[in-house]
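Peer 1: The residues making up each chain are set out below.
2 protein chains.
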Amino acid sequence: MRQSQLFPKTIKQAPKDAVALNHQLLVRAGFMNQLIAGSWTLLPLGWRVANKIIQVIREEMNSTGAQEVLMPLMHPKEIWNETGRWESASEVMYKLKDTRGKEFALSFTHEEIFLDLARKYLQSYTDLPIKLYHFSTKFRNEPRASSGILRGREFLMKDLYSIHESKQDFFKYYEQVSDAYLRAFKRFGFDVIVTEAAGGVFTKNMTREYQVISPVGEDTIFVCDKCRAGLNKEISKSKPGDKCPKCGQGLLKEERAIEVGNIFPFDTYYSEKMKVYFTDKDGSKKPVWFGSYGIGITRVLGTLVEIFHDDKGIIWPESVAPFKIHLVQIENTEKVKKAAEKLYNDLLKQGIEALYDDRTDKTAGEKFADVDLIGIPYRIVVSEKTLRQDCVELKRRSEKKIELTRINRLLRFLNEKIKNKDEK
Amino acid sequence: MRQSQLFPKTIKQAPKDAVALNHQLLVRAGFMNQLIAGSWTLLPLGWRVANKIIQVIREEMNSTGAQEVLMPLMHPKEIWNETGRWESASEVMYKLKDTRGKEFALSFTHEEIFLDLARKYLQSYTDLPIKLYHFSTKFRNEPRASSGILRGREFLMKDLYSIHESKQDFFKYYEQVSDAYLRAFKRFGFDVIVTEAAGGVFTKNMTREYQVISPVGEDTIFVCDKCRAGLNKEISKSKPGDKCPKCGQGLLKEERAIEVGNIFPFDTYYSEKMKVYFTDKDGSKKPVWFGSYGIGITRVLGTLVEIFHDDKGIIWPESVAPFKIHLVQIENTEKVKKAAEKLYNDLLKQGIEALYDDRTDKTAGEKFADVDLIGIPYRIVVSEKTLRQDCVELKRRSEKKIELTRINRLLRFLNEKIKNKDEK
Chain R
0 MRQSQLFPKT IKQAPKDAVA LNHQLLVRAG FMNQLIAGSW TLLPLGWRVA NKIIQVIREE
60 MNSTGAQEVL MPLMHPKEIW NETGRWESAS EVMYKLKDTR GKEFALSFTH EEIFLDLARK
120 YLQSYTDLPI KLYHFSTKFR NEPRASSGIL RGREFLMKDL YSIHESKQDF FKYYEQVSDA
180 YLRAFKRFGF DVIVTEAAGG VFTKNMTREY QVISPVGEDT IFVCDKCRAG LNKEISKSKP
240 GDKCPKCGQG LLKEERAIEV GNIFPFDTYY SEKMKVYFTD KDGSKKPVWF GSYGIGITRV
300 LGTLVEIFHD DKGIIWPESV APFKIHLVQI ENTEKVKKAA EKLYNDLLKQ GIEALYDDRT
360 DKTAGEKFAD VDLIGIPYRI VVSEKTLRQD CVELKRRSEK KIELTRINRL LRFLNEKIKN
420 KDEK
Chain S
0 MRQSQLFPKT IKQAPKDAVA LNHQLLVRAG FMNQLIAGSW TLLPLGWRVA NKIIQVIREE
60 MNSTGAQEVL MPLMHPKEIW NETGRWESAS EVMYKLKDTR GKEFALSFTH EEIFLDLARK
120 YLQSYTDLPI KLYHFSTKFR NEPRASSGIL RGREFLMKDL YSIHESKQDF FKYYEQVSDA
180 YLRAFKRFGF DVIVTEAAGG VFTKNMTREY QVISPVGEDT IFVCDKCRAG LNKEISKSKP
240 GDKCPKCGQG LLKEERAIEV GNIFPFDTYY SEKMKVYFTD KDGSKKPVWF GSYGIGITRV
300 LGTLVEIFHD DKGIIWPESV APFKIHLVQI ENTEKVKKAA EKLYNDLLKQ GIEALYDDRT
360 DKTAGEKFAD VDLIGIPYRI VVSEKTLRQD CVELKRRSEK KIELTRINRL LRFLNEKIKN
420 KDEK
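Just so you know, the sequences run in chain order R and S.
According to numbering that gives the first Met the number 0, the first sequence holds residues 0 to 423 in order.
According to numbering that gives the first Met the number 0, the second sequence holds residues 0 to 423 in order.
Any given hint could turn out to be false.
As the list claims (entries may be wrong) - Derived list of chain R stretches under chain S, where covered just means 3 residues or more per stretch with a C-beta under 8 angstroms from a C-beta of chain S:
| no. | region |
| --- | --- |
| 1 | 28–39 |
| 2 | 92–98 |
Claimed, not checked - Partial list, computed: chain R residues near chain S (C-beta under 10 angstroms):
| no. | residue |
| --- | --- |
| 3 | Pro43 |
| 4 | Ala49 |
| 5 | Asn50 |
| 6 | Val68 |
| 7 | Leu69 |
| 8 | Pro71 |
| 9 | Trp85 |
| 10 | Ser89 |
| 11 | Asp126 |
| 12 | Lys130 |
| 13 | Arg152 |
| 14 | Glu153 |
Claimed, not checked - Computed far set for chain S versus chain R, every beta-carbon distance over 12 angstroms:
| no. | residue |
| --- | --- |
| 15 | Pro71 |
| 16 | His109 |
| 17 | Arg186 |
| 18 | Ile212 |
| 19 | Gln248 |
| 20 | Glu254 |
| 21 | Arg255 |
| 22 | Lys274 |
| 23 | Thr332 |
| 24 | Ala368 |
| 25 | Gln388 |
| 26 | Arg408 |
These are computed hints drawn from the structure, not numbers from a lab.
For glycine and all other residues, C-beta sits at the position ideal for the given N, C-alpha and C.
Let the hints inform the model, and build the full structure from the sequences given.
Peer 2: Rendered as C-alpha cells:
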C-alpha cells in the first residue's frame, strides 16, 4: 500500500485521555480510533494486524479439529433464562426490547447460543464431540473502560465451544486446546503464564487463564520463579515469597498481568440446565460435558503493543505485523522515485507485503519517525546516496544496525528472512 | 475436510416454516441454522461460502482504492441525533439504554459513524478522497423476516463510504464502484439489472440498485427487453409494455427481483448536518460530497441458492463454492479407503479444497444425495470398480455426464480446470 493513500495520517500528540501506552501508540500511529469509551474503530493498519492475529488463531483452532462458524449477536431472553444468566449475568449484559416487546441481550458470550444450536442436531454419542468456534463481537457493560483496547465494552473475541460424551474425552480436548493456545501465544511472541483462577459469571469451577506479565495488567498473579506455574491472587492460599505449591522448589513472585485467553470447564452444569442430552452406547440418556475457550483478539492487539515497543513507537513481531516491509523513498528525484517504484512492484510480485512511503511532502526525519511509530519489522530506504552504490539501506525495527544491501540481492535475502520462519 | 467430522449432518426434510427455497436448501444441506426469525448461525459450510463472497467483494473494493476497516456496532444516540435519524429512522433501529442511562442504537447502517470518524482527521483537500469499507453486522427491526436468509433482522453486509472534494470527483468514484459491483456480481454468476430507485431512510436522491431477477424477490422492477435498463416500479412513470424511456427501442417488462446491492449519492446533505468540512485550494471551507455503497453478504448467499439449484439441491458457482471437490468413497474396502485417502491428501497438497466423504455408515445412494444437496462443483467417486481401471469417476454438479478419468491424470486436469479461471 502507498502511504500517500493510507488513512489516516499519523498524529504527533497522543489524545489527552490516553493513559495506557497501547491507547497512545495505536491512536498516534493510526491503527485505531475511539468512537466512545470502550469502543474502537479498527483503521486499515489495525484491521490488518487483527486479521493476522485471527489467522494465527484460526490455524491453531483448526489443528484441534474445531470448525469455524458465525453465531448471531442479538439473543432472545428465553435462551438466557434457561441457565438463569438473564438474571445472574445481568450486570454485564446489554439488554433491549424491540417494538413488539420482545426482549434481547447482546452477546457478552455464546455458551447458551452454542448449546441451543448443538441440541438441535445432537442425538447419539456418534454425533460427539462437537467443536465450533467463531470470531465475533462481544458487548460487555464494563464499569470502566480506560486501558485503551485492553478492556472494551465492544470488542472482538475468538470463542470456541465443545461438547463431549464423557469427562475423559472432554479433558483430553481441553488439554489439546490448551496446547493450541500456547502455540498461538508463542507465535505472537508472548511469554505466557498459565494460571488457575475463579470463573466469575461463567462457572464455579476453577478455570485456566493465559496471562502475559505487564505493569498495565488488571490481574494480579503469583508466578513461581522456578517452574513458571501461576496462580491468580484471587484464589491463592499462598502469598508472595512462599514456596511454589506446585513444584515445591521455586518462590512465588507477585506480578501484574494481562489475561489474553481463558478456558472454562463447565462439567454438565449448563447442559443439564439446557437439556443437551445424548443417547450413549448403552442406550441411556446423558448430558454432554461442556467447555468454552476464549481469546480476546483486540486484547491481544493491545497487549502486543504493551510488550513490544520502545520510546519511538511499536515493534510488531513479524507474525502479526501489518506489513513486512516499510519501503521509504527519501528524495524525490526521478531516479529515486523510479527505483523505489520498481522495488515496490517487485515486492508485490513476490507476495511480500510492503507499505511504500511515496509521500513527496515529508522530510526524511518525518518519514523515519513514522517508520518507528508504526513499527513494521523491516525498513528499506532508497536514496540518491544508496543508489550510487546500487544499494538500499536495510534496518530492522528491533535493531540499531543499518546495512547497505545490493538491490539485486535484496529480494532473495528478504524471501529467505521473511518466508522461512524456522531460520529466524 | 472429512465429512465424517463435518457439523452438522444433512437433513432430509426441510423445516415446516421454510417457505423460501434458500431457507429449505441451506438448512437441509447444513449451511445455516435459525436462532430466531431473521437471525441465522452460519454453519461451517455456510461460513465458508460467506467468506468466499467476502473475498470476491474485498478484491473488487480494493481495486477501487478503498481501504478495509472495522467500525463498531453499538452507536451513541448523540451521533444519530446530528442527522435527525435517531427519530426519522426509528422504525428500523434497535435501541437500548445502558445501566448508566446512556442511549444507543445498534448499527442498521454506518453513514454517521463513518462521517464522525472522517471529520476527526479531515483538514484540507489534500486529505480527500477518503474511501473506507467494512464487512460487518447490521441489525434492522424488519416487520417481516420470512424469506430465509434474504431478509434478516441481523445480517452481514459490506458497506463502503466515500467522501470527496467535489461533485465531479464523487461521481467519478461512484461510477468506479458501480463497475466494481458489476465485476463482483459477474464473478458470482449473477445477471444483474441496474435500476433507478428511491432512497428510503437514506436519501431523497435517486439511488442505484443492483437487482437479480427471481420470483422470490421483494422488489418489482421494469426491465427493458432490449437495453436491459431497469427502473424500480416505486418510482417509474412508465408501465409494463411501454417503450423503454432510456433506449426508446425495447419494451418494459415487469419482473420480481432481489436487490443484492445499492449505491446512495448523498450530495452534501449529511456532511453539512455533521459539519464535515474541509479547506479547499482557495482557502474556503466546504462540505464534502458523500456516498455509501452496500452489498448484502448473506443476501448474496441466499440469492445464489435461489438462482443456482435444481430439484436435488444447490449448484454453487465455482467462485464461491464451499469446496471445489466432493470426493466420495463408496465402498469401504481397504483398497478403496487407501486410494481415496491418498487422493484426498494429494488434493490438499495441491491446495485444492475438498470435502471428503469418508463415512462408512452411508450407502452410495445416501452419499450421492448429499453430494447433490450440498452442491459442490465437482464430484469424484472412488470405488472398487473405478480402481480396477486405475480410474475415478468425475462428474460436474451442473451436468449429467459422468467421465472415467485416470487417477494419474486427474490432478493435472483439476489444476487446469479449477485454477485457470480464464479458460473455463
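Peer 1: If a hint holds in the structure, say so; if it doesn't, say that too.
Peer 2: Going through the hints against the structure:
Against chain S, the region 28–39 of chain R contributes 5 residues with a C-beta closer than 8 angstroms to a partner C-beta. That satisfies the three-residue criterion, and the hint holds. Given as covered by chain S, the region 92–98 of chain R passes the check, having 5 residues with a CB less than 8 angstroms from a CB of that chain where 3 are the minimum. The restraint placing Pro43(R) at the interface with chain S holds, with a minimum CB-CB distance near 4 angstroms, inside the 10 angstroms limit. Residue-level restraint check for Ala49(R) holds (minimum Cβ-Cβ distance to chain S is 7 angstroms; threshold 10 angstroms).
Interface restraint check for Asn50(R): the shortest CB-CB distance to chain S comes to about 9 angstroms, inside 10 angstroms, so the restraint holds. For Val68(R), the interface hint holds, since its Cβ comes within 10 angstroms of a Cβ in chain S; the closest pair sits about 5 angstroms apart. Below 10 angstroms, beta-carbon pairs count as interface contacts, and Leu69(R) has one with chain S at about 4 angstroms; its hint therefore holds. Interface restraint check: Pro71(R) against chain S, minimum CB-CB distance 5 angstroms, threshold 10 angstroms, status holds.
Restraint check, Trp85(R) versus chain S: the minimum CB separation of about 15 angstroms is more than 10 angstroms; hint violated. The interface hint given for Ser89(R) is met, as the beta carbon of that residue sits about 9 angstroms from the closest beta carbon of chain S, less than 10 angstroms. The restraint placing Asp126(R) at the interface with chain S holds, with a minimum CB-CB distance near 8 angstroms, inside the 10 angstroms limit. Annotation: interface hint on Lys130(R) holds; nearest CB of chain S at approximately 8 angstroms, less than 10 angstroms.
For the restraint placing Arg152(R) at the interface with chain S, the shortest Cβ-Cβ distance is roughly 8 angstroms, inside the 10 angstroms limit, so the hint holds. Among the interface hints, the one on Glu153(R) holds; its C-beta lies about 5 angstroms from the nearest C-beta in chain S, closer than the 10 angstroms criterion. Against the 12 angstroms criterion, Pro71(S) falls within the reach of chain R, whose nearest CB is about 5 angstroms from its own CB. Its beta-carbon lying about 10 angstroms from the closest one in chain R, His109(S) breaks the requirement of being farther than 12 angstroms from that chain.
At roughly 22 angstroms, the least C-beta separation between Arg186(S) and chain R is larger than 12 angstroms, which holds for a residue marked as non-interface. Every beta carbon of chain R lies more than 12 angstroms from that of Ile212(S), the smallest distance being close to 29 angstroms; the non-interface claim holds. No Cβ of chain R comes within 12 angstroms of the Cβ of Gln248(S); the nearest lies about 43 angstroms off, and the non-interface call holds. Every beta carbon of chain R lies more than 12 angstroms from that of Glu254(S), the smallest distance being close to 32 angstroms; the non-interface claim holds.
Interface exclusion of Arg255(S) from chain R stands, the closest Cβ pair being 28 angstroms apart, more than 12 angstroms. Against the 12 angstroms criterion, Lys274(S) stays outside the reach of chain R, whose nearest CB is about 17 angstroms from its own CB. Even its closest Cβ contact with chain R, about 22 angstroms, leaves Thr332(S) beyond 12 angstroms, as expected for a residue assigned away from the interface. Every CB of chain R is more than 12 angstroms from the CB of Ala368(S) (nearest about 18 angstroms), matching its label as outside the interface.
At roughly 34 angstroms from the closest C-beta of chain R, the C-beta of Gln388(S) stays outside 12 angstroms, upholding its exclusion from the interface. Residue-level check passed: Arg408(S) sits 30 angstroms from the nearest beta carbon of chain R, beyond 12 angstroms.
Going through the hint list in order, the structure does not satisfy hints 9, 15 and 16.
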